[in-house]
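Undergrad: Chain order of the listed sequences is Z and V. Quick note on numbering: the numbering used here labels position 66 of the first sequence as 66, and the sequence is numbered without any gaps. Quick note on numbering: the numbering used here labels position 143 of the second sequence as 143, and the sequence is numbered without any gaps.
To be clear, the hints were calculated from the coordinates, so they are not data collected in a lab. Glycine residues also receive a C-beta, built at the ideal position from the N, C-alpha and C atoms. Just so you know, not all the hints are guaranteed correct.
Per label pair, the in silico range of CB-to-CB distance [what the hints assert, rightly or not]:
#, chain 1, residue 1, chain 2, residue 2, range
1, Z, ALA27, V, GLU114, 52 to 58 Å
2, Z, MET32, V, ARG42, 56 to 62 Å
3, Z, THR67, V, SER152, 51 to 57 Å
4, Z, GLY21, V, ARG89, 19 to 25 Å
5, V, ILE203, Z, ALA54, 44 to 50 Å
6, Z, PRO37, V, PRO188, 51 to 57 Å
7, V, ILE107, Z, GLN63, 50 to 56 Å
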Amino acid sequence: MGLLKFLTGSREPRLMRLPSGSFTVDANCKIMTSTLPQNFPEGRMREIGQQVLASFRAAKQAQMPLTELIIHFAALKLLARELRGGAMIFLMPQSLNQPTKLSERV
Amino acid sequence: MVAQPKILLLDDDQDFLDLYKEMLTQHLSCLPEVRTASSGSRALSLLESEPFTLMVVDLNMPKMDGLQVLSIARRKYPTLKLVVLTGIRDEQFRTRAYAMGIDQYWIKPESDQEMGLFMESIESLLNREAQGGFRGVQSKSLVDIIQLECLSQSSSVLKITNGVVEGKIWIQNGEVIDAEAAGITAEPAFQRILSWKTGSFEIMPADSLRPRAIFTSYQGLLLNTAQAIDEAASQPEPVETPGATPVNEQLTTQSLLVEVSQMTGIDFALILGKEKKAEDFWGLDNPKPVTTWLRQTIDSFKELGERLQVGEMQQITATGLHKKISIATAGKSSLCIGFPSATSTDQMRETMRTIVTKWVS
Chain Z
1 MGLLKFLTGS
11 REPRLMRLPS
21 GSFTVDANCK
31 IMTSTLPQNF
41 PEGRMREIGQ
51 QVLASFRAAK
61 QAQMPLTELI
71 IHFAALKLLA
81 RELRGGAMIF
91 LMPQSLNQPT
101 KLSERV
Chain V
1 MVAQPKILLL
11 DDDQDFLDLY
21 KEMLTQHLSC
31 LPEVRTASSG
41 SRALSLLESE
51 PFTLMVVDLN
61 MPKMDGLQVL
71 SIARRKYPTL
81 KLVVLTGIRD
91 EQFRTRAYAM
101 GIDQYWIKPE
111 SDQEMGLFME
121 SIESLLNREA
131 QGGFRGVQSK
141 SLVDIIQLEC
151 LSQSSSVLKI
161 TNGVVEGKIW
171 IQNGEVIDAE
181 AAGITAEPAF
191 QRILSWKTGS
201 FEIMPADSLR
211 PRAIFTSYQG
221 LLLNTAQAID
231 EAASQPEPVE
241 TPGATPVNEQ
251 LTTQSLLVEV
261 SQMTGIDFAL
271 ILGKEKKAED
281 FWGLDNPKPV
291 TTWLRQTIDS
301 FKELGERLQV
311 GEMQQITATG
321 LHKKISIATA
331 GKSSLCIGFP
341 SATSTDQMRE
351 TMRTIVTKWV
361 S
């Protein structure tokens with residue numbers, strides 16, 4: 001697969017789409033499973049995982065352990081569920097065709 | 001009207017740059033000065049060295065893609081008008097580009113007619129005065145729109161949105177009969193709505209059952225409002241001490257917390273001000289741990305949003321074993337509301353909507 005990709009892969013510049021899917025990380029932010037496309041960089045997944053785990057840990061230190069965290073960006077909804085020290089993270093790109101007003105979120 | 005607008009064209013295709021430079025220079029009546037850049041870094045250095053009115057950006061470029069350029073340009077040059085011109089027909093990129101605050105998203109024209117429309121839209125953008133205005137009717141203020149409705153003896157409801165705040169003005173047979181915004185009604189609400197400088201509006205069908213709450217003529221209303229706005233503008237600016245919360249902001253925050261404390265189904269409220277030290281809270285014995293978590297979470301996810309190019313972070317919802325937390329951000333301020341864990345999503349949504357409306361307005 002890797003060789004095929006090397007031989008047929010386009011050299012054209014390519015913008016990276018935000019994938020829709022989920023992945024799980026353990027307490028050390030190691031990627032355990034993923035339903036995201038292979039071309040979505042693992043580094044990006046780890047970056048997201050680290051922020052999520054840091055937020056879960058900080059909440060625990062503040063004596064308010066969290067089980068779920070939903071972050072609404074203008075073009076992405078990120079949902080994270082605590083998973084015994086790790087986390088399961090869902091990426092849901094948002095579309096202009098399905099506008100979600102701030103007041104309708106929570 | 002801009003004297004001689006300057007346009008910056010960014011694309012990695014030199015032929016495209018040459019063609020569009022010629023088209024824009026020759027076909028726009030405002031005779032813009034057009035500069036070109038074939039890479040994101042070159043475009044950014046040009047923006048650094050001279051002011052531009054508008055930048056046209058391609059998305060698909062090597063090294064630094066268009067979204068990265070847009071993200072930096074929007075942050076560093078908030079008044080620069082941004083137009084995406086790309087061959088990518090992808091809903092997600094359109095959404096992300098608009099999330100970054102672009103003005104228009106165009107697919108590269110494939111016919112003379114499309115090219116004509118593109119040129120017209122660029123011309124219109126360049127001519128738009130930089131003093132705000134409401135989306136939907138370019139270069140028209142809300143006062144113009146109300147006058148238009150009243151002069152034509154219309155009956156309608158104007159729904160005006162300013163960020164997360166929403167207001168409504170009821171017009172019946174050319175007279176303003178009521179207004180509503182941020183929990184207030186009648187004339188004060190009308191004045192509040194007219195103080196908004198930007199936003200969007202839609203004209204909705206008339207509501208004949210709405211009881212009349214404003215009895216002043218629309219001319220009188222507009223005069224009173226203009227006077228109130230002028231008086232507010234002529235008030236001297238309070239002297240700010242670095243690191244301290246401005247007196248007005250402190251009063252507003254405190255009155256909001258008093259209101260929140262009287263609402264049912266809320267455990268705590270915490271407001272982080274623009275300054276790092278400024279914070280106010282209700283219902284927390286020790287706000288420090290929550291504040292620390294809040295600041296860390298908001299800062300880190302804001303950074304993540306920038307890196308992922310997904311636009312501004314708007315809201316966070318957290319569910320814990322004992323509490324549910326909702327966080328809204330507006331500019332550099334953040335509002336954190338704690339709910340009991342049994343609160344339903346609908347209840348949270350409704351309560352948060354009420355509080356955020358009061359807070360932002």
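Undergrad: Now look at each hint and say whether the structure bears it out.
TA: We went through each hint and held it up to the structure:
The hinted window of 52 to 58 Å between Z/ALA27 and V/GLU114 holds, with their beta carbons roughly 54 Å apart. Between Z/MET32 and V/ARG42 the beta carbon distance is about 42 Å. The supplied range of 56 to 62 Å is therefore violated. At roughly 56 Å, the beta-carbon separation of Z/THR67 and V/SER152 lies within the given 51 to 57 Å, and the hint holds. Checked against the given bound of 19 to 25 Å, the beta carbons of Z/GLY21 and V/ARG89, roughly 22 Å apart, stay inside it.
Under the hint 44 to 50 Å, the C-beta atoms of V/ILE203 and Z/ALA54, about 47 Å apart, fit the expected range. The supplied range of 51 to 57 Å is met by Z/PRO37 and V/PRO188, whose beta-carbon atoms lie about 53 Å from each other. Range check, V/ILE107 to Z/GLN63: Cβ separation about 52 Å, and the 50 to 56 Å hint holds.
Checked against the numbered hints above, the structure breaks only hint 2 and satisfies the rest.
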